[in-house]
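Participant: Sequence:
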Amino acid sequence: SASSSPVSAPPSPLHCNPVGVLRCPICGQECAERHIIDNIFVKDTTEVPSSTVEKSNQVCTSCEDNAEANGFCVECVEWLCKTCIRAHQRVKFTKDHTVRQKEEVSPEAVGVTNQRPVFCPYHKKEQLKLYCETCDKLTCRDCQLLEHKEHRYQFIEEAFQNQKVIIDTLITKLMEKSKYIKYTGEQIQNRIQEVNRNQKLVEQDVKVAIFTL
1 SASSSPVSAP PSPLHCNPVG VLRCPICGQE CAERHIIDNI FVKDTTEVPS
51 STVEKSNQVC TSCEDNAEAN GFCVECVEWL CKTCIRAHQR VKFTKDHTVR
101 QKEEVSPEAV GVTNQRPVFC PYHKKEQLKL YCETCDKLTC RDCQLLEHKE
151 HRYQFIEEAF QNQKVIIDTL ITKLMEKSKY IKYTGEQIQN RIQEVNRNQK
201 LVEQDVKVAI FTL
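In terms of the UniProt record's numbering, the sequence shown opens at residue 1 and continues consecutively.
The hints are simulated quantities; they were obtained by calculation from the structure and are not laboratory data.
Positions of the beta carbon are idealized from the N, C-alpha and C atoms, including for glycine.
Don't take each hint at face value.
As the list claims (entries may be wrong) - Only pairs whose alpha carbons sit at most 20 Å apart, straight line, appear in this in silico SDA-like list of lysine to any residue: (1) LYS149 to LYS164; (2) LYS95 to LEU145; (3) LYS137 to GLN163; (4) LYS95 to LYS179; (5) LYS82 to ASP96; (6) LYS124 to THR61; (7) LYS137 to ILE156; (8) LYS149 to TYR122; (9) LYS124 to ASP65; (10) LYS124 to ASP142; (11) LYS82 to GLN58; (12) LYS124 to ILE156; (13) LYS95 to LYS137; (14) LYS82 to GLU68; (15) LYS173 to TYR183; (16) LYS179 to ASN190; (17) LYS125 to ILE156; (18) LYS82 to ARG100; (19) LYS92 to VAL77; (20) LYS82 to ASN57; (21) LYS200 to ILE210; (22) LYS173 to THR184; (23) LYS173 to GLN189; (24) LYS200 to PHE211.
As the list claims (entries may be wrong) - Across the chosen pairs, the derived CB separations fall in these ranges: (25) GLN154 to LYS82: 26 to 36 Å; (26) ILE167 to ASP96: 19 to 29 Å; (27) ASP65 to CYS31: 15 to 25 Å; (28) LYS82 to VAL165: 33 to 43 Å.
Using the sequences provided together with the hints, build the complete structure.
Facilitator: Next up, the structure:
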């Protein structure tokens with residue numbers, strides 16, 4: 001009697017991922033947990049936004065003294081008291097920042113929409129204000145001074161502007177390629193129609209030639 005070939009068992013629907021690895025339920029792509037970053041936009045929609053404080057009652061957000069704010073750092077998007085302003089103008093990272101008087105600050109500069117500071121997961125009281133180019137990640141001042149000391153970095157506002165220019169350039173090139181692809185597709189369709197017409201003409205000529213034999 002003919003021996004039946006072994007039949008492999010179907011894959012189990014309950015696939016066990018390796019430890020520290022997540023699998024996308026849609027595409028099946030696996031990704032290490034350490035490579036996953038928080039989606040700040042989703043967190044902003046799920047967490048309760050902090051209340052907006054009037055400028056007249058605004059306190060310093062750079063220290064824990066709850067001192068009255070006297071200025072606003074445009075680059076850090078942060079309110080500063082007199083003491084923090086002086087410190088801001090001494091520190092290497094911030095001495096070139098633009099600090100405006102409280103009366104001169106517009107709502108647009110402060111960003112009184114639902115924008116809220118994002119804090120470092122390692123240094124809980126430090127905001128993520130820097131972008132480490134070497135590691136391609138957001139960092140706080142403590143992170144940049146300690147773990148990323150010799151790395152290239154930018155303030156996130158500067159990094160945003162630079163990336164915006166790059167993205168705008170890529171979009172422009174993409175639109176140009178899209179137009180070219182559309183034009184090429186139209187040319188191909190025209191050639192297909194032309195070939196179909198020629199085919200019909202040849203078929204008619206063949207039929208006429210057969211009938212005249």
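Participant: So does GLN154 sit 26 to 36 Å from LYS82, Cβ to Cβ?
Facilitator: Since GLN154 and LYS82 have Cβ atoms about 28 Å apart, the given range 26 to 36 Å holds.
Participant: Compare the distance between the alpha carbons of LYS124 and THR61 with 20 Å, and conclude whether the hinted pair is satisfied.
Facilitator: 14 Å, holds
Participant: With a cut-off of 20 Å on the C-alpha distance, tell me whether LYS137 and ILE156 pass.
Facilitator: 10 Å, holds
Participant: Take the C-alpha atoms of LYS137 and GLN163, compute the straight-line distance between them, and say whether it is at most 20 Å.
Facilitator: Holds: LYS137 and GLN163 sit about 13 Å apart, inside 20 Å.
Participant: Are LYS95 and LEU145 close enough, with their CA atoms no more than 20 Å apart?
Facilitator: 16 Å, holds
Participant: Below or equal to 20 Å on CA atoms is what counts here, so check LYS95 against LYS137.
Facilitator: 23 Å, violated
Participant: Under the criterion that the straight-line Cα-Cα distance not exceed 20 Å, is the pair LYS173, THR184 satisfied?
Facilitator: OK: LYS173 and THR184 at ~16 Å, within 20 Å.
Participant: Would the pair LYS82 and GLU68 pass a check requiring their Cα atoms to be no farther apart than 20 Å?
Facilitator: 8 Å, holds
Participant: CA of LYS124 to CA of ASP142, is that 20 Å or under?
Facilitator: 10 Å, holds
Participant: Would you mind confirming whether the straight-line C-alpha gap from LYS92 to VAL77 stays at or under 20 Å?
Facilitator: Cα-Cα ~17 Å, so holds.
Participant: Using the C-beta atoms of LYS82 and VAL165, is the stated range 33 to 43 Å upheld?
Facilitator: 37 Å, holds
Participant: Is LYS149 within 20 Å of LYS164, Cα to Cα?
Facilitator: Outside the cut-off at roughly 26 Å; violated.
Hint violations for this structure: numbers 1, 4, 13, 23 and 27, all remaining hints satisfied.
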